[in-house]
Each structure stands twice: as structure tokens, then as C-alpha cells.
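Quick mapping for you: the protein sequence lines, in order, are chains A and B.
Per this note's numbering, residue 42 is the first one in the first sequence, and the count goes up by one each step.
Per this note's numbering, residue 42 is the first one in the second sequence, and the count goes up by one each step.
Hints are supplied without guarantee of correctness; some may be wrong.
A pair counts as met if it fits within one copy or between any two copies, since identical chains are not told apart.
Said to hold, decoys possible - Below, in silico cross-link-like pairs of lysine to any residue (SDA-like), each with a Cα-Cα straight-line distance of 20 Å or less:
id : residue 1 : residue 2
1  : Lys-336   : His-118
2  : Lys-522   : Glu-122
3  : Lys-336   : Phe-128
4  : Lys-171   : Asn-431
5  : Lys-171   : Pro-247
6  : Lys-171   : Glu-235
7  : Lys-228   : Asp-363
8  : Lys-171   : Asp-182
9  : Lys-336   : Arg-130
Note that these hints are calculated values from the structure, not bench results.
2 protein chains.
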Amino acid sequence: MFETLEVGKRIKNSDFKERELPLRQKLLAVQFELAEHDYPIIIVVAGLDGAGKGSLVHRLNEWMDPQGIETNTYWEHSDEEESRPFFWRFWRRLPARGQIGIFLGSWYTKPTQAAVDEEMGSEDFALHCKQIEVFERMLSDDGTLIIKLWLHVSQDAQRLQLEETAPGKQQNPRVTDTPYNLHGKYKKVIEVCEELILDTDSSHSPWHLIEAQDRHYRDITAGEIILKAMQARASHQTPDAGAQEVIETDPAGPQPTVLDNVDLSKTLDRDDYKIKLAKYQSRLQDLAWQAYRQKRSVVAVFEGWDAAGKGSAIRRVTRAIDPRLYRLIQFAAPTDEEQAHHYLWRFWRQLERDGRCTFFDRSWYGRVLVERVEQFATEDEWQRAYSEINQFEQQLVEHGSIVLKFWIHISKDEQIQRFKAREQEAHKRHKITDSDWRNREKWHDYEVAIDQMISHTSTRHAPWALISGNDKPYARIQILKTFCKSMKRALDTE
Amino acid sequence: MFETLEVGKRIKNSDFKERELPLRQKLLAVQFELAEHDYPIIIVVAGLDGAGKGSLVHRLNEWMDPQGIETNTYWEHSDEEESRPFFWRFWRRLPARGQIGIFLGSWYTKPTQAAVDEEMGSEDFALHCKQIEVFERMLSDDGTLIIKLWLHVSQDAQRLQLEETAPGKQQNPRVTDTPYNLHGKYKKVIEVCEELILDTDSSHSPWHLIEAQDRHYRDITAGEIILKAMQARASHQTPDAGAQEVIETDPAGPQPTVLDNVDLSKTLDRDDYKIKLAKYQSRLQDLAWQAYRQKRSVVAVFEGWDAAGKGSAIRRVTRAIDPRLYRLIQFAAPTDEEQAHHYLWRFWRQLERDGRCTFFDRSWYGRVLVERVEQFATEDEWQRAYSEINQFEQQLVEHGSIVLKFWIHISKDEQIQRFKAREQEAHKRHKITDSDWRNREKWHDYEVAIDQMISHTSTRHAPWALISGNDKPYARIQILKTFCKSMKRALDTE
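Here chain A stands alone, though its shape is the one from the complex (with noise of 0.2 Å):
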């Protein structure tokens, strides 16, 4: 889910300077109407050590009136709070209606380090996570706003900044002298964070995820998700404000997304990937059936860009695949019956059982996707959808279940070139339809919503694959293998 995150994502020098004022204006003014409602803000700012947590805090108390705003900080040892619940600690220091209340070291900051150190078993952390859980839920229902930032940077960048090696802007102020025992537990902290965060995303109090490694992209967006949370609170707040403020997908500006490292030079020459097919289609025949007799199901997901070559690809694991073995579904527009029931009924009750395939042409991810892009979904709905889908894949895994994902990539350009050819194909021309022109033109959402739904949904259990597809036979051999390698890990292969 972190992958997302490194893409490199930044913002100029002299942008920052350009974006800074008017954003603080914002926030200042929505900080002033926010004494006039009666509901508190908590900001919670987490996120990985090196990641500028602290310096981000001075940043939004530097934009905002620090006469409505308090930061709590849980670094030092306290006999009084340990010798109270753990949630004491959070209670008392609970900002009032009105104000806001920055938690820099928060209710997440103690079960993350013990579960690092390995102090805690992962029954113990679910339920800490669980009590998270309730705990902002409880606030929530009481009408506390609740904003949660994660800070990521890469295993690089918080090695530099640990050894204060960071290039000199960049620099975060240290909390401590002493310096963190981190060595080594880059890879244990993200699976960590991984479950915390998945653990603990939820509509009233959904996770925004930012890559900090650029410290002015960093201070920003954050600053930007909390003006958009505050706006849309008040906004419900008084129904008759008025027109709302259009809410930009891209508050700070175009920015790469994890699609632009799928590298799309890649191809396959002809004669290799004949090779290479039989290899894995006969490779993929055998786990099939191999999955039969073990009672283990596979449920895979095919998405990807209008003429990404979802369809050729899927047929060519099709056809490696008994027939009796496996289903695939494709997907029109919702039936009545499917449209007066929950929006993942339509899935749940295509589900083979166990030993079978199914494969989804298009699938729950849709919600995400063109639903949000077209409006078709409230934003309440598709936010909420992430943590509804995490679940729904979660009980697949947890019922046995092999879970495969693939977004096929391709450029613009291809597509374009993919469009046209298809017009000039009398058999393909059918293929072709106004809305791919239409959705062509909201290309860049889409890749905001990509973006979002790879750093939401990808995870341990349930990865995202992403498929280089300029070039088809690249794609179908990356695809086969990938589905083999992935059945072969998750089977007690013979």
C-alpha cells in the first residue's frame, strides 16, 4: 500500500511560496468559523520516524491561530499516565468544542513500537487496533471532526534522515539525543503500519496517506486535506452556506502517481513470448488443478485502461484452465435486482466455490474508480468503499482463498493509436463507443483515482499487480506468470 508513496511527488520552491498564502488564508478563515460551530477537531499526525512529523506540526501551528489550537505530545515517560487506562492520557487532553487539538504521538505511537519490538502478538495488536476503532468512533458520534495523516518516506530517505545526512532543507528537527533503534526494521515497521492502518480506516475517520519525502509537497497537502475536511464539515454543518467550493482532486498541483513507474518500453519479441506462453499456460494448467484438489479457490480481478487488452489477456489464462474449473463474469450496467441491493451484493453472489475459479472482467473496484470519476458514487460512498472492499477481500483470503489484481497500464498514446486502429477494423469498430472518448478526457482523474485505490487496497494479503500493456505480448506473459507465482506461493505445491 506504501507504494504509492514513493513516487517522488514535489513541489517547487517557488510554487510553495505561490500556494502558501492563499492556503493559510483559507485556513485561518475556516479556523474562525469553526469557534462559531460547536463540534472540536483532532488532528492526528503519525507516520514513519524521519518523516518530518514534528516539523510538519510547527508548520500548520505557523498557518493556523495558535489560540485555538493545542498540540499534545506523548514522548516522555509519565508515572501519571501510566498509572491510568490507556486511553486517560488521550481523554484529558481532548480539545473543547471549537478548538483544535493536534496529537503528535498519539493513541497509534505505542501499540505501532510494540508491535515492532515484537512486544506485542498480533491478536493483542488487532484488538488495540479495535479499540482505536471504538474509541474514535465514540468521539465521532459526539461530532468531533477527526483528521488523520500519515507521513511515509522511503527505507533512503529515513535512513538520511535518521543519520542527519538529509540534504539540508530537508532536514527534520530530531525529537531525541539518542538515536532510534530502527536499524533493520524498515520491513517489519511497514507491515506493521500496513495492519495499522488498514486496521483503523474508516469512513468517520479515514487515513490520508502523504509521501513526505519533499518537505514542501509534505506541509501542503496536508494542510490541504485538513482545509478540505474542515470545509466539508461545515458545509454540513450549515446546509445553507450556500454554493460549495469545488474540491480539487490534485490540491497541490500535478504530481506522479505509482503508474509512472510501470516501465511501458518493455516488449517481448514474437518467438519468445510463443515460448514463454505454452511454458506458463501449461505451468497454470497443472495449479489449477491443483488448487481443485486442495479446495482452494482463486478469485482474480482484471482492470485496466479502455483498450488496455483486458479481454486478450484474460482469455489467454482462460484457456490454460480446464473449463469445468473456472467462471468468468463480466460486468454491464447493475440489473434491477442488483441495483436494489448493496452496491457488493452484485460480487458476493458470483463467488465459484472452493477448488474453482472466478475471474472478474471489471469488478467491486469500480466503485473507486468510474463510479467516482463520473459521480455515479457519493464521496461518503467510495471512501467508505475502501475499508468495505479491504474487508470483503480480507474474508476471501481468510476463507482460503487465492486473490489475484491486476491493472493494466498503458500510455496515452497507445491508446489513442489502440482507438483509432479499432475504427479502421470493421470487426473492432464496435469496440469503440462515445463514452471511451469521454473517459479518455478524464485521464488524469482516473490516474488520481488509481493512485488512491492502489494506496488504499494493496495489501499483504490481496496485492495490486500492475501490468506494463504497450506492448500485449509483454503483458499477457507478466500477467500468466505472475498469476502462476502467486498460485504457487499460496499452494502447498506438490
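Based on these hints, arrange chain B on the given structure of chain A.
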């Protein structure tokens, strides 16, 4: 928590006939309204074996229009269901918008049975409860109205049912021919069910506990609960629908409450009192020092009717304890600062540290008593408070605190005599205010609120003690004795 469900609530045959027809008409009316609205309803019928779940479902089908209702049962094994993730069997049977789905045997059945048979560990069980909570939230976020009914019968009544020796008219039809293997498991079942209910009781899908011994009371109460929930939702959907029907606190007519089980005739003579007072006070003194040495804190809540003798009882407790070891908190109206926070904040901030006692003369239970009856809190707020309070007390217990809760009960006659006596004594006259007289008028509403408070918050880790208070000496000794017993059990006594 089940003590409130064994007090002999019943409806006479003639009353039943009178109540049935109007209830049925109203149920049909809201059901037809539902078809115009855009949400589904799920009715979960759960509870102990032999409580008449099947009979109730029959009745509901008889009362409402079967066209819009589908009853789903889960009692036979299906390999189709087993070969998909657990929740698949429920997803496929979810009612469509405008429809009602009754679930007899539901997502609660399997984990409960597994926990009773000790096939499932307590952590796994807690995880299951969490998944249930997530599942229900997902549906409720999507608009589903979830009504959960829990039918309870006493151990004796259950035995009569299962042996089919219950009196003719009360007998419930049996589902299977094979006798239930519940012999000797009643206590274990009750423990598992308490945890299940506490863990899955939420404001979006609260549990309604019903005493099911008397089939008339059971059916009318269930019908009224469903009616009320549907009316509340319908009026929520159409806010302009005009005056909302006032919801009675007592849909099935005045019924006995758990307070009726308190034997108010108990007395203690003067000499006996003095001996016992000295004995338990000295024991308590020791125990308080032991708790100090073991760094265990005590949180004790004193609640009761006006003039029940709370103050003087508390003094008998505090006199036994070294003043360095305890603090007594009395609650007047909340301060401005307190009112600007979540209502639990003012209690959290008062907690003493490990090894100390905190006594609350009136407490967080005000939310579900006076604030409920006087309508200072909305129904949503006080309904939510049950699970918030349970969470709070569970955190105290998990931290190592000993939680004690006393309700001092007196009769309405005894209260009036004490009021009059107070008015005649100069030094006690200030203790009687107009609000005391006003509260007295709402005696019955308070009885209902107390009954529900006990059923939702009397838990194994923090049970309520109901104190017989008509005789003050008797009440004081009871409190001291309970205090000592609970502390002794909780401490590693030397």
C-alpha cells in the same frame, strides 16, 4: 445482564387479544410504506434454545404481509455454503430495498455454538464478533434497517421447553428431532451470549432483549419493537411527514422490572448493625491498603432513588478508608468546560491513579437515567451510551481497576415518608427540592430506564449490585459486604 429478563413479564390472554389487532394494523401500514422507501429491513431473531424463536417468526409472518417478507433459516448443513466464505450464505439472502428479511438462525448462530462447545477460543470469538459488527455496519451504512431481537428464558423454563413438558399453551414447536445437547451448559451459554451481545451492541444495530417466558408478552413486545424501529426510520426518511407518534416507554403495558426482585422487607437490628459495621469497616481498611500495595485502583459508583440514603451509605464506606487512598467525586450540573467535551470526559478526568479509590456519587449513568427520562439527551445519545459505558468500564477493568456499581432501591412509599421527614427537620430541609417531587412523578419511567440500564450494563467484569434500601442499616452493611467481597475476589489476598 440477563437478570432483568427473569422477572415475570407477561400479558394476559384477554389483553393480548385487545392489543394484537391494532398492532397488526400498524405493522401492515408501515410495511406498505416501506415499499415506497428505498431501504431494506433485516430482522434477526436470536436467543436461547427453547425461547420460542420459531413461534415468534410464525407470528411475524402472520401479522405482516408475506409478500414483502422472506424468512431465512440456517439449520441444515449445505456444502454449497460451506465452500464459500462464511458470510456468503447471508449475502445471497439479503433482502432487496423495500423488502423485509427475517433471519432465524443468522451470523450469530455458528460462532455462539462454537464458543459454547469450546471449539472456538476467546480471541477467535472476539474476532468473529468484530466481523459481525463490520458486516452489520456495512449494511447499515448502505441504508439497511437492522432490528435484532434476543429472546431469553430462564434455565428452568428452558429445561421444560426442551423436555417438552412446558405447559401446553406455552410450548414452542421444536426444530429438530434430535434432542439438544445443552445439558449442564446453561451457565456457559449465558457467559458466551453476554459477550456476544456486548460486543455486537451498537447504535446502528442495537440488541433488543426480550423476556420470552410468556409467549403473549414475547410476541407483542417483539412486534412493538419492530413497529417502533420502522416508524422511527420512516419518519427519518420523510422529515416533513408531520407530527411523530410519541413512543411509549411501556409498549406491552406496565410490567415487573428487575427492581421487583429486590426484597425490601429486609432489616437489621441496631446491635447487629454496630457489630457488622465495625467488622466490615475494618476489613475494608485492610483491603484498601492491600489494593494500594498491589497498585490496583477501585472505581465505585453509587446511584439510587432520591432519598435512598446514598450519602450516608457512602460515608460508611469512606470512613473505613485512609483519606490518602480515596477521593469522593460529587456531580452537580456539568461546568461550561465539561459541557464543551464528550460527556464521558468529565468522568475520565477524575480517575485517581493506581492503588487509589475513586468514589462517584452519581456518575456516567446519569446519561441513561435522568438525562434519558428528562429528555436532556436524545434517544440516539442515550442508546449509544450503553455501549460507550461498557467500553469505558472494560478499559478500566483491563487496566486492573476494580469496578463496583451500587443501585440503592427503596419503595415509593418509603421515599414519601423520607421526603416528609426531611421537610420537618430543619437541618435536612435543604435536601428536598422541587425537582425531587418532579422526579417522583416519573417514578415509572425511571423504573423502565433502570431496568434497561441493568440489562445493558450489568456485566461479569462490572456487575451492578442492587441494594435493598428501605432499612438504612441493612443497606449500608450490604454495600460494605459487597465491597469487601468484590475487592477480596479481585485482589491476591494475603
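For each hint, the structure was consulted:
{"no.": "1", "hint": "Lys-336 with His-118", "result": "between (51 Å within a copy, 18 Å between copies)"}
{"no.": "2", "hint": "Lys-522 with Glu-122", "result": "neither (53 Å within a copy, 32 Å between copies)"}
{"no.": "3", "hint": "Lys-336 with Phe-128", "result": "between (44 Å within a copy, 18 Å between copies)"}
{"no.": "4", "hint": "Lys-171 with Asn-431", "result": "both (16 Å within a copy, 14 Å between copies)"}
{"no.": "5", "hint": "Lys-171 with Pro-247", "result": "both (14 Å within a copy, 19 Å between copies)"}
{"no.": "6", "hint": "Lys-171 with Glu-235", "result": "both (15 Å within a copy, 19 Å between copies)"}
{"no.": "7", "hint": "Lys-228 with Asp-363", "result": "neither (39 Å within a copy, 52 Å between copies)"}
{"no.": "8", "hint": "Lys-171 with Asp-182", "result": "both (16 Å within a copy, 19 Å between copies)"}
{"no.": "9", "hint": "Lys-336 with Arg-130", "result": "between (49 Å within a copy, 18 Å between copies)"}
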